[in-house]
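Enquirer: Chains as they are written, first to last, in my numbering: chain A, 11 to 709; chain B, 11 to 709.
None of these hints come from the bench; they were simulated from the model.
Since this is a predicted model, take the numbers as computed values, not measurements.
Some hints here could point you the wrong way.
A pair counts as met if it fits within one copy or between any two copies, since identical chains are not told apart.
What the hints assert, rightly or not - In silico DSBU-like cross-links for lysine-lysine, where the CA-CA straight-line distance does not exceed 30 Å:
no., residue 1, residue 2
1, Lys527, Lys18
2, Lys161, Lys473
3, Lys100, Lys411
4, Lys394, Lys374
5, Lys157, Lys404
6, Lys579, Lys656
7, Lys579, Lys644
8, Lys18, Lys162
9, Lys129, Lys161
10, Lys487, Lys394
11, Lys557, Lys473
12, Lys513, Lys374
13, Lys455, Lys622
14, Lys404, Lys508
2 protein chains.
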Amino acid sequence: MHGIFNPKKVAVIGVSSKATNLGKNIIGNLVEFGFNGVVYAVGPSGGMIETKPIYTSIDEIPDEIDLAVIITPAHTVPHLLKECGLKGVKFAIIETAGFREYGEKGSNYENEISKIAEKYGIQFVGPNCIGVINLENGFCVPFPRLKNNIKKGDVSIVSQSGGVGLSALNLLSNEGLGLNKFVSIGNMLNINAEHVLEYLIDDDGTRIIFIYLESMGDGRRLMDLAKRSIKPILVFKSNIGELGQKIAMSHTASLTSDDKVVDAAFEQSGIIRVHDATELGNNLKILELPPMKGKNLAVISRSGGHAVLAADACELSGFNLAPFPDSFLREIEKHFRASVIKLTNPLDLGDLFDLDVYGQIVEKTLQLENVDGVIFLHTSLSDKENLVTRELLKRIMVMSKKYDKPVAFYDSASAEEINFLKQNFSFPIFTKVVETIRALGMSHKFFCHFETIEERGKFKNYKVDTQAVRYLLDTVKKEKRNLLLSESLTVLEHYGIKSIEGKLALNADEAIEYSKKIGYPVAIKVIAEQISHKTDVGGVQLNLRNKEAVSTAFDDMMNQINASYPNAKIDGVLVQPMVMGGREMIFGGRQDAQFGPVVLLGLGGIFVEIFKEVQVRVAPISFSDAVDMVNRLKGSQILKGARGQKAYDVKSIVEMLIRISQLLIDFPEIAELDINPMRVFYEAEGCKALDARIILNNS
Amino acid sequence: MHGIFNPKKVAVIGVSSKATNLGKNIIGNLVEFGFNGVVYAVGPSGGMIETKPIYTSIDEIPDEIDLAVIITPAHTVPHLLKECGLKGVKFAIIETAGFREYGEKGSNYENEISKIAEKYGIQFVGPNCIGVINLENGFCVPFPRLKNNIKKGDVSIVSQSGGVGLSALNLLSNEGLGLNKFVSIGNMLNINAEHVLEYLIDDDGTRIIFIYLESMGDGRRLMDLAKRSIKPILVFKSNIGELGQKIAMSHTASLTSDDKVVDAAFEQSGIIRVHDATELGNNLKILELPPMKGKNLAVISRSGGHAVLAADACELSGFNLAPFPDSFLREIEKHFRASVIKLTNPLDLGDLFDLDVYGQIVEKTLQLENVDGVIFLHTSLSDKENLVTRELLKRIMVMSKKYDKPVAFYDSASAEEINFLKQNFSFPIFTKVVETIRALGMSHKFFCHFETIEERGKFKNYKVDTQAVRYLLDTVKKEKRNLLLSESLTVLEHYGIKSIEGKLALNADEAIEYSKKIGYPVAIKVIAEQISHKTDVGGVQLNLRNKEAVSTAFDDMMNQINASYPNAKIDGVLVQPMVMGGREMIFGGRQDAQFGPVVLLGLGGIFVEIFKEVQVRVAPISFSDAVDMVNRLKGSQILKGARGQKAYDVKSIVEMLIRISQLLIDFPEIAELDINPMRVFYEAEGCKALDARIILNNS
């Protein structure tokens, strides 16, 4: 990747002097951005451009070339790339569109290009991209003609879409944020998002990374890279629904992915997901400040209304407005005409108009131990205040650094003044109260991730009987069939997950026979795919103590079900030993196309069916991941003993999740694992699987 | 209100030539904004200002005065207002702070002011506000010194906070949106938000109204006004949580309100609620376009990436990307080099670079019957395109109007060019894809509200026995006690809400005795406040067919409960005739401090306890309100017969809601009504209350 960003001798292929020529724009950009290397132009018509000759082929250039930028029709690219190879060019940026995303013909060109690149050892970006920028050396080769109005800074951008990449550049420029590097990766035929990310993580000039993705390539690799990055990585992942899928396919040939898994993977690896440009802009700005290390925010506001907005937003973002200590308030009272300002947090500056005093108050606030960050809500009362506001901003910049705490500076002023501040200060200027506090929330969340990353990197390994499972799975595979219920339960047992076996009875007599074998009391449950709420229709009959009870219960069940689900196909009833207490949950796992094995947990019944409340994590999961899965389940208060009820065995739930994770990692051939239901008992009493299904990849 | 916005002769009281004087700013603003009336300055020190003498009292002014703007210390205001009264001034704007929001002394000043205003017939805005603007006549009296950089337009602003009001002005100015009128209403001692709203609804210059509120005054009045407004009303209601409450109280003396009721009230009356400045800005912009009348959006994009983002956002906003008809595509193919553009919706313009053709495509798209609106996603490839882009924009402006469909124009270009477009075109310019589509969603929702407002204004009145209820409630009130369960059920019966009475048994023997009276089979249910999930712990025993069954069930129940809730206080068990089938729901109502009677509906059990899933509406509710309550319940698919199960009697649920609404309206003394549970049976089988509680206001 270094060669892509730092060439010394560049050939731009596809240049002419025509007004609409895009290669011309590339040459123009290199000149305007002051590229510190040598540039040669190549184009079949020859001629001159920017006081340079246009060579009719790369071969003609009387110099060695490090990198070629190609922007010629798709069908010419294979041949031109071969010429580059023969010339000894090792890096290329292929901006041309019309490849895989246009159909079969384009795919064929791509295959040719890959072969040529491999043969000549060429690494390349694209095709179907708008190019690369490195503001460190002025290397700027996008085909749109850019203006040099972007500050040099520490944000680097990787975008699968050129258009979205350009929007991000405009956003940086508009917010006065500084760019370091930019890559439009397009079809990612050779260099992909993970390659660029790996480079940027170690790149000295880059401190914040933004990635726009329409598809996940190697999700697991992305996670691994993100986990070892101390730099914040923001990702805007689109193509999340059915409508987006079709156009994404024809745009960058991107397949959709399971968005819930993407969410989990990002969170597990500390990737900050953004959902719109507003969130992106505010997050980038907040990341220019020191991190919000705790939950205690101080709000200092010139307007009471802004203070109210801020307080609401703090509550929604989970921040505390820690009360200021008495000593601090007395200090303020002494020095700062306290009769007119309201001494609470939020601190409403009332009719105190001295901006010098504002600076002193911000500094005193930052000195407080129970303040992790400050949002300063400024309102300009007239243009006459612009100069003193700028002085205040300078002081705040210094203070935020000195105390290593974020001071989010919000200003309500004329557009001209806001723009002046953004363009002339290396400090983020916020103009929206609620959005700023949301961004501070992100800063805190990222900091916490960073603090706990070591803990969450520890993976427990239970002692399990891998060999027995290996043997069982191999047998099943040989017989080209699915695992039976009993085999699935055996696999689980080998991994320390206990179960209660039941027997499927097709009629009342069978049910009575099995009940006798199992021993009374028993439970019987209807097995029928179409019946979603078994208990609602008498489909679960518990605590049956003798054969009469089983018989009556069986008949009752069928009558009730016939009344409610006249058309349901009933496969039989499951007879199980009566297991008292506990509640049913759903545990599971599956292989995700992009991220590999994932673990699932849900409270049963309507939680899953109606609320789609399932927690997902990419395996392997750590202890804290598993705890987090339980805690984040809506309804988890039920598990912990809501309203005086006894708590369930959460420890065991956590252990079972980790064991499932271990099983999925050990046996990637397990395509799907469902434990539905798992009976979870009261504290210290464990869990037992009542039903399980394992589906193998090749079965 | 007319006199507040349209004075001819104005006195500004509190003016001096000191640099920090705020009255001076007001005079400056009136001059800068070209006020078309006469202005007099008043201040105790006398002197000159803007070539005018400063009179030492209003009495000295040798002219009649329509309106006084007062910005002097709080303790001087009562006296000065009295002077105004004596002078015959009929309107005032009191900008001074330090009243009720500062404590008791301030409250006393407010009382004095109110008395004086009443005596002299003065209507006034404030106190504790930043003033009023009317761009129609240049009347501009906020005390911050403003620049005349706001276009005159059709948006009017009402803000309870001066600071937030100023932010809104900056937002308009920044987005190139036009202001009509502005009022900072502050403490609303005399003129309140509803007064201003009523005026603006009929005001010719105003087409869109934005209100910032920290408290609800007369919520019901606000609803009534909004319901009769054809102009969109956007409200940012803050002070929604505990953190905001304290500061709001000391800021504008605002009490918090039940946010769920506020949400319902706004939706019922077509008020568009906004939650942050981003949403406000985008909504204001979209409302400048024709409404989005249907769900079919066409996306036309220069960048494939933007098209993917747009498609995702369409899915989230519930829009369809209706496929373009073949005839349309053939037309495009014929004229517009179709080989390079992808003929789907979203339409990716690919490498078609002719902006004139873009205009033709937009027009052809607008002509399609199955297209209700267009989002055009433009990306500027170089500054050279600025002129043609402006031409395209002019054409789009005309087209959007001609076809009466919104064309949201998104542009990704340099900040300078975007600003130029915003300031020089009377057409909204969008710069964020996802946010723009969300705003189009709001436009569609507002249009639908508007379409259905008549239907939702029809209130059914069932024949009920009001007199019987009147008599019963009066009796209870006389006896200064609460209604008994049986009385509550009687009230419901008089309003056509049927019930199943049960009997409370304190032990197994009583349960058996009552069961015999009621007739077998019976159900018994534990009555204990602390037990939230009765069914989980055997607390509900159904279908008991004889006295042995009741006895065993009673013991079983107590044993299981003791195991799970060792400390629960058990009040007894309710013995009821066995009612087969159906499911339990919660119906209810209460008096809201700001909005009066509200009706509640929830699915029982965990839906309410864990998910807090309750639908609330302000009474009276129409048929469609009631239907909407059912449909918007999470889990409503259960009611409608999910997965082949029989549907419950939704018609009856709807009827019961309307009957409860009628009861609450007829008897405002009902502070709280709870029907928990109401048993809802299968289709056409109705509902029956199993338990009910009515609490009266004065009991």
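Enquirer: List, from low to high, the hint numbers that the structure doesn't satisfy.
Expert: 1, 2, 3, 9, 10, 11, 12, 14
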